[in-house]
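Undergrad: In the order they appear, the protein sequences are chains D and C.
Using this note's numbering, the letters of the first sequence map in sequence onto residues 1 to 993.
Using this note's numbering, the letters of the second sequence map in sequence onto residues 1 to 92.
Any given hint could be a false lead.
Straight-line Cα separation of at most 20 Å, SDA-like style, residue types lysine to any residue; simulated pairs [said to hold, decoys possible]:
| # | chain 1 | residue 1 | chain 2 | residue 2 |
| --- | --- | --- | --- | --- |
| 1 | D | Lys715 | C | Ala33 |
| 2 | D | Lys715 | C | Gly88 |
| 3 | D | Lys662 | C | Ala33 |
Derived from the structure by calculation, the hints contain no laboratory data.
All values reported here derive from a predicted model rather than from experimental measurement.
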Amino acid sequence: MGTNRRARSRPRFVSSEDFCRKLRRKDTLGGMIEENLLLILVGLPFAAAIAASTVRATAHGAAAWVSGLLLAVGLAILALLHAPISDGQVLRATLRWVPSLGLNLTFRMDGFVWLFVALVFAIGILVLVYARYYLSKADPVPRFYAFLMAFTGAMVGMLMSGNILMLVVFWELTSILSFLLIGYWHQGQAARDGARMALIVTGLGGLCLLVAMLILGQIVGSYDLDRVLAAGDVVQADPLYPLVLGLFLLGCFTKSAQMPFHFWLPGAMAAPTPVSAFLHSATMVKAGVFLLVRFFPVLGETDLWFYAVTGTGMLTLVLGSVIALFRHDLKGLLAYSTISHLGLITALAGIGSNGAILAAIFHIVNHAVFKASLFMAAGIIDHETGTRDMRRLSGLIRFMPVTGALAIVASAAMAGVPLLNGFISKEMFFAEAADWHNGTWLDNSLPYLATIAGIFAVAYSLRFIATVFFGPEATDLPKVPHEPPSLMRRPVELLVLVCLVVGILPGLTLGPTLNLAAQSVLGADLPYKDIAIWHGFNLPLVMSLVALGAGVALYAALGGRIATGPEGPPLLHRLRAQRVFERILLSLTWKLPRLVHRTFGTERLQPQLRLIVLLTIAAGFATLWGSLRQAPSPLATGFNPAFALMWAVGAVCAVGAAWLAKYHRFASVVLLGGAGLVTCLTFAWASAPDLAVTQLLVEIVTTVLLLLGLRWLPKRREEIEEDKLLPARIRRARDFVIAVVGGAGLAGVAYVMLTWPLIPNVGDWFLRNAYSEGGGTNVVNVILVDFRAFDTFGEITVLAIVGVTVFALLRRFRPAPESIMLDEEQAGLDDRTVADALLVPSVIMRWMFPVMIVLAAYLFFRGHDLPGGGFAAGVTVSVAFLLQYLAHDVRWVEARLTVLPIRWMGIGLLIAGATGVGAFLFGYPFLTMHAQYVDVPLIGQVPAATALIFDAGVFALVVGATVLMLIAIAHQSLRTTRMRERDSADTSEKEAA
Amino acid sequence: MTTVLWLALTWAQIALGLAACLAAYRIAVGPRAQDRVLGLDALYIATMLLFIVTGMRLGTPFLFEAALVIAIGGFVGTVSLAKFLLRGEVIE
Numbered sequence: 001m002g003t004n005r006r007a008r009s010r011p012r013f014v015s016s017e018d019f020c021r022k023l024r025r026k027d028t029l030g031g032m033i034e035e036n037l038l039l040i041l042v043g044l045p046f047a048a049a050i051a052a053s054t055v056r057a058t059a060h061g062a063a064a065w066v067s068g069l070l071l072a073v074g075l076a077i078l079a080l081l082h083a084p085i086s087d088g089q090v091l092r093a094t095l096r097w098v099p100s101l102g103l104n105l106t107f108r109m110d111g112f113v114w115l116f117v118a119l120v121f122a123i124g125i126l127v128l129v130y131a132r133y134y135l136s137k138a139d140p141v142p143r144f145y146a147f148l149m150a151f152t153g154a155m156v157g158m159l160m161s162g163n164i165l166m167l168v169v170f171w172e173l174t175s176i177l178s179f180l181l182i183g184y185w186h187q188g189q190a191a192r193d194g195a196r197m198a199l200i201v202t203g204l205g206g207l208c209l210l211v212a213m214l215i216l217g218q219i220v221g222s223y224d225l226d227r228v229l230a231a232g233d234v235v236q237a238d239p240l241y242p243l244v245l246g247l248f249l250l251g252c253f254t255k256s257a258q259m260p261f262h263f264w265l266p267g268a269m270a271a272p273t274p275v276s277a278f279l280h281s282a283t284m285v286k287a288g289v290f291l292l293v294r295f296f297p298v299l300g301e302t303d304l305w306f307y308a309v310t311g312t313g314m315l316t317l318v319l320g321s322v323i324a325l326f327r328h329d330l331k332g333l334l335a336y337s338t339i340s341h342l343g344l345i346t347a348l349a350g351i352g353s354n355g356a357i358l359a360a361i362f363h364i365v366n367h368a369v370f371k372a373s374l375f376m377a378a379g380i381i382d383h384e385t386g387t388r389d390m391r392r393l394s395g396l397i398r399f400m401p402v403t404g405a406l407a408i409v410a411s412a413a414m415a416g417v418p419l420l421n422g423f424i425s426k427e428m429f430f431a432e433a434a435d436w437h438n439g440t441w442l443d444n445s446l447p448y449l450a451t452i453a454g455i456f457a458v459a460y461s462l463r464f465i466a467t468v469f470f471g472p473e474a475t476d477l478p479k480v481p482h483e484p485p486s487l488m489r490r491p492v493e494l495l496v497l498v499c500l501v502v503g504i505l506p507g508l509t510l511g512p513t514l515n516l517a518a519q520s521v522l523g524a525d526l527p528y529k530d531i532a533i534w535h536g537f538n539l540p541l542v543m544s545l546v547a548l549g550a551g552v553a554l555y556a557a558l559g560g561r562i563a564t565g566p567e568g569p570p571l572l573h574r575l576r577a578q579r580v581f582e583r584i585l586l587s588l589t590w591k592l593p594r595l596v597h598r599t600f601g602t603e604r605l606q607p608q609l610r611l612i613v614l615l616t617i618a619a620g621f622a623t624l625w626g627s628l629r630q631a632p633s634p635l636a637t638g639f640n641p642a643f644a645l646m647w648a649v650g651a652v653c654a655v656g657a658a659w660l661a662k663y664h665r666f667a668s669v670v671l672l673g674g675a676g677l678v679t680c681l682t683f684a685w686a687s688a689p690d691l692a693v694t695q696l697l698v699e700i701v702t703t704v705l706l707l708l709g710l711r712w713l714p715k716r717r718e719e720i721e722e723d724k725l726l727p728a729r730i731r732r733a734r735d736f737v738i739a740v741v742g743g744a745g746l747a748g749v750a751y752v753m754l755t756w757p758l759i760p761n762v763g764d765w766f767l768r769n770a771y772s773e774g775g776g777t778n779v780v781n782v783i784l785v786d787f788r789a790f791d792t793f794g795e796i797t798v799l800a801i802v803g804v805t806v807f808a809l810l811r812r813f814r815p816a817p818e819s820i821m822l823d824e825e826q827a828g829l830d831d832r833t834v835a836d837a838l839l840v841p842s843v844i845m846r847w848m849f850p851v852m853i854v855l856a857a858y859l860f861f862r863g864h865d866l867p868g869g870g871f872a873a874g875v876t877v878s879v880a881f882l883l884q885y886l887a888h889d890v891r892w893v894e895a896r897l898t899v900l901p902i903r904w905m906g907i908g909l910l911i912a913g914a915t916g917v918g919a920f921l922f923g924y925p926f927l928t929m930h931a932q933y934v935d936v937p938l939i940g941q942v943p944a945a946t947a948l949i950f951d952a953g954v955f956a957l958v959v960g961a962t963v964l965m966l967i968a969i970a971h972q973s974l975r976t977t978r979m980r981e982r983d984s985a986d987t988s989e990k991e992a993a
Numbered sequence: 001m002t003t004v005l006w007l008a009l010t011w012a013q014i015a016l017g018l019a020a021c022l023a024a025y026r027i028a029v030g031p032r033a034q035d036r037v038l039g040l041d042a043l044y045i046a047t048m049l050l051f052i053v054t055g056m057r058l059g060t061p062f063l064f065e066a067a068l069v070i071a072i073g074g075f076v077g078t079v080s081l082a083k084f085l086l087r088g089e090v091i092e
């Protein structure tokens, strides 16, 4: 005897040692610092998001300052990290998360990532400054800045993930935050539609990417990015390579808005302009091309890669630039231009030579710089004039000369005019396109396609400048235009300055960083490539000059006609990807489900039930047929005549219940009672006395419950002729056969299970350990309240929910008028009350109340050691309550006995939960039980397990739930009586009048 | 256990089983609803006794509980059925 205390045998997830060691140690102190800096870098934007979400809704300055300062700290950290990065080091930091699944929060940073993260932070700060003046006073601030900062964190996390699964998680996070930011002005229909479309397209792409990463991880044998990057040969030799590549590219193309998934990006322009500048031109849409470049060593350099990636990229490049020329919306033009430039970068990743990868990285940076500034300029124009329609805007250079000058320089960079950054990377692209690679048709057509795209790029850039800033002064603008606040312009100025500096001195400014980035993608032995403006009079320069000249000519020829034409290029504008998407969405979410439902579904209950039962029977026979034949013959296991007789009784009752169920429901209920009784007897016979006790109690309550419900079912209507005809008889006979087969099958399975010779199974462990571990000898009860207490906790919670649901459903139930009518039995009874009609029985039943409570107490207290327990005791108490309701009418009982079922249930749940939580106080896991004996005077040693308290919770909850359901149904009769009284009062009033 | 006791208990079991069969016949055939209710009550009694006899034969005290539960609570079903027949409502 004495105490015994134990810790449940659960897997230990985190021990204190692990917790201390969660940061992977390195040899040098410097390494430690860098690790921590990496983690801080990822955490900073999220910290900013939390901080920004707590400011007041109007605190524009505070939110912008907090976010901006934290991002500035991030930039400072990046500056610190530049030294080891430029040595060619790869920094790593690991947070152990779920080691058993190989899922760690690993972050890594090399030159490529460094460049990208720096871009995100730098443009992030500029966007914050811009947004500070862009948002109107009425816009809620915390939501905007919190989302924007959380997006920054997700983006940085995606870039720095060292684990490809974590990468997908952060990737999805950027999609979700993009959704929230596009829908920031959720009052507008366009914003909601655009947000939803963006989420569906990028979300589906993210799903494809996840599958691709899972397969990739299986092929490589690790989800660690470094190991995946080093396993290119293994992956490309694998038969699953085409599948992985296809799914991976779907993920990248949807995110980077490649045709035919580009349509979400113009829709996303409903977002506030800072968001468009940050997410939809500079950073998030670059995530796809980032991954293309990053995974080029693993998946690239095959024919499949070349055709898929370069083909899609070139298609997007050309079509994007053509469509951009014909858009009337300022941001629409920029969006299609972005799509086109993303296509350019994709095509470079597809070509995949050393120079192409370098050019791709370079163009990522350049495009981010000039396109962000252009978006900001477009936002300023929208902000100050009130419209973005290029057909209305005109001659703005007179009102806003500085903004105009900035926009002209940025557009020139976009068009690829020499001495600006866009020119150099575009020149590098032309060089790669013109270069001979593999001689295929696609490769041969590259230079021509590139030049065509270049022509259109020049034309749309020219259109942007010429229509908006030049020409006659606009007359019908919603506002009188003027220069924006100087701080709103400052980010644009800075970005345009970068365009100029990089364009004039590319080798000095970005050259080393770009080479470092390319090296970290392609390998450290990559030769240093000098980036210069002047390479001599060569083919790329000719292509550039042709593009410039032809582009100007194209705009001169077409310019006047574009403004009067439809939104989109000739012929092509009829085919709108957005429309196609919406049509597909409509048929998938509305038409198709309804079609399937009409074809295969039925709203009639009977066919549904019949199908379920038939399928269950078929499945049961299919799985059990073989194993049941090995079962011992029923006669071999000791035949007992009395038992056989009782089973015969049970079988007759069950079959009879099925036979009479249609027209004699009352008889059917009685027969069900008989069948249930035999079931209880069988349990007792098969050495499960406590199960028999519980089942008996449940049987009693069930009979009453069925009778309560029976009152509301309609009577048989003899006048329905079809019921007596042959088809109806055949139908009923078929259902009867199904019922008998199902019931007999289940009885057979139960019998075999009960008589099967015992083999070692999981039950033995419980039998051995019930007393030593749980301190009880009733194994069933110990399992319920100790070993499996968590399951029981869940089950009683469900019971509580069911109880409350039944109550809520019945609260508003109004009986049908025909069931208010008096039955013929009642009609003969004149107005005697129950107490009069059942005087003697009701007295006996009243006296049974204390007896039953004693029985319940008896069952409850010995439950831990002998048959009984909280559940059985709870049902017993509710039977006792029920009996009082039977003996008298509801009003009589409720005047004397106050049962508050909801409170019983709540307290029960609380007790059970508190017992579980109590284990925490002693340092044990949730629901650890403690068992000991205490000396009670006069009685002696009494077992006192904490499981008993838990059981008390179960008890209270069962009482509450059972009583709640019974009373809820019983009150319906009360309601009927009231309605009937009102009706008769009405009629007597009418007679009197 | 003596042979006489064994024989007596075995016969008692069989006899109670037969009684249960007769009660079941009444439940199944009727003819009136009241007959069925009475049949169920008789079945309950027979089962209760069968629990006790079986407990004696197996030498276990645990089946006594089940008999106790039937003795105390078994009539609740009969009462509710009877009340349904008498008054058309179980709880009013």
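Undergrad: Please go over all the hints and tell whether each is borne out by the structure.
TA: Now the hints, each set against the structure:
1. D:Lys715 - C:Ala33: holds (16 Å)
2. D:Lys715 - C:Gly88: Distance ~13 Å between lysine 715 (chain D) and glycine 88 (chain C) Cα, so the pair holds.
3. D:Lys662 - C:Ala33: holds (16 Å)
Hint check: no violations occur; every hint is consistent with the structure.
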